[in-house]
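> Here's the letter readout for the chains.
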Amino acid sequence: MAERVSYSLPHPSTQPPLLCPAYVSSQKRAPTMPLIHAPHTISEMSGPSFSAADAEARACDLTRQSNGAPLGERIIVSGQVLDEDARPVRSTLIEIWQANAAGRYLHAKDQHDAPLDPHFIGCGHTLTDEEGRYRFITVRPGAYPWRNHHNAWRPAHIHFSLFGPAFASRLVTQMYFPGDVLQAHDPIFNSIADPGARARLIAEFDWPSTIPETALGFRFDIVLRGGRATPMEK
Amino acid sequence: MKLVPTGWQTVGPFFSIGLERLCNENIAAAHLEGERIAIAGRVLDGDGAPVPDALLEIWQADAQGIYPGHNASNSAGHENRFRGFTRVATNERGEFRFASIKPGSVREGGGQTHAPHLVVSVFMRGLLTRLVTRIYFPDDPRNAADVVLGLVPAERRNALIARVATGARGSYTWDVVLQGPEETVFFAC
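In the order they appear, the protein sequences are chains R and V. For reference, each letter of the first sequence is one residue, going 1 to 234 in the working numbering. For reference, each letter of the second sequence is one residue, going 1 to 189 in the working numbering.
For reference, chain R alone in the conformation it holds in the complex (with noise of 0.2 Å):
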């Protein structure tokens, strides 16, 4: 079965623009010159790779970073990440960072006027399984305002860094919680103009992982660059 020897880019509305102007930051870092379409090379399509010896089997368990237990509403976030041909991607690696429960980061930048907690760093990482499963215990991160436009707020999200296969199927994302009302005024969120594309990046409560008397389940699937080659490609 071949492999692609290129990945097509994706529909423009699926993925966030570089400049957008309603999210202040992008004004000055966004490239103003067109992109460059170059074609795939070995360099694209080839890709760093992760094994067990690269991942602490506990650091998927962010509740148990420290000799105590962090405060908030405990959680799992599982999904599932596939290529664009629903192919599991096995022994990818991914890593997470978020705020805490009363929604501030262990970052000396952060200043958000709200309680560190001693028992929470709000950093993991895993290796997906064969079936490209994966799956974390942590606690749901807290909301917090930042200064883009007044009373602006981040609805609660987990950030997400995953390798896939190549150079070009790495994806950073945020995963976000369902019937949280920031969203809708999040710049952030809404740099995606295409609903569902922006609807995926919300996990979906999920009963299958809850956990009775223990932790609330959330399943998130992440889809990566990439699949097989077809005749129709070139």
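Hints are computed from structural coordinates only; laboratory data are not their basis. Be careful, since some hints might not be right.
Derived EDC-like pairs: lysine to aspartate or glutamate, alpha-carbon spacing no greater than 20 Å straight-line [as the list claims (entries may be wrong)]: (1) Lys2/V x Glu131/R; (2) Lys102/V x Glu25/V; (3) Lys28/R x Glu25/V; (4) Lys2/V x Asp194/R; (5) Lys28/R x Glu95/V; (6) Lys2/V x Asp54/R; (7) Lys109/R x Glu92/V.
Listed below are several chain V residues computed to face chain R (Cβ distance under 10 Å; list not exhaustive) [stated by the list, open to error]: (8) Pro5; (9) Gly46; (10) Thr129; (11) Val148; (12) Ile161.
Negatives, chain V to chain R, calculated, CB over 12 Å [to be verified]: (13) Ala29; (14) Ala40; (15) Pro138; (16) Cys189.
By construction, the Cβ of each residue, glycine as well, lies at the ideal position given by its N, Cα and C atoms.
For this one, chain R is given, so just place chain V on it according to the hints.
Just chain V now, with coordinates in the frame of chain R:
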């Protein structure tokens, strides 16, 4: 069934919490063969101000032009594992640096070769997706025939070519300029 790739979102200002673990200013271990290089530069925004919260990811072939794990027939004898990948973040002055070995000329399965280069992803608050660019080397005769470099308007090609730095042999400078007349060349990837 075709699935639509998940949408990108910015790394935001606090990415170091999650991504710092794989930051390393030295891509190649001391025992690896190859010409030692050091690349340093700055990331500058549309006002020419340094960007203190940018992250770069580098992916490159080894000195023989082999990508780790992707030229299986050629890499069998590679005992000294070369990862070919690193991350570096900018400091308060917008500066980054990393040390490596100069990649060899990469050959495609079809026989086409490419001039030595590194591929680079640039992430930061304010960028909703990554930016993708390349670093080539000055005075390399193979640049003239490089397919990707050839697609870049001639007057902009210099932005992709590192400059020789004064000091130690193998030292280069290469900046990421986000906007303006010196804007770095970025690729749709």
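> So, for every hint listed, does it hold in this structure?
So, going through the hints one by one against the coordinates:
1. Lys2/V x Glu131/R: Holds, at roughly 18 Å.
2. Lys102/V x Glu25/V: Distance of about 15 Å is within 20 Å: holds.
3. Lys28/R x Glu25/V: violated, 27 Å
4. Lys2/V x Asp194/R: holds, 17 Å
5. Lys28/R x Glu95/V: holds, 18 Å
6. Lys2/V x Asp54/R: The given pair, whose Cα atoms are some 31 Å apart, is violated under the 20 Å limit.
7. Lys109/R x Glu92/V: Holds, because 12 Å separates the two Cα atoms, which is no more than 20 Å.
8. Pro5: holds, 5 Å
9. Gly46: holds, 4 Å
10. Thr129: holds, 6 Å
11. Val148: holds, 5 Å
12. Ile161: violated, 15 Å
13. Ala29: Non-interface label stands for Ala29/V: nearest chain R Cβ at 15 Å, farther than 12 Å.
14. Ala40: holds, 21 Å
15. Pro138: holds, 19 Å
16. Cys189: violated, 6 Å
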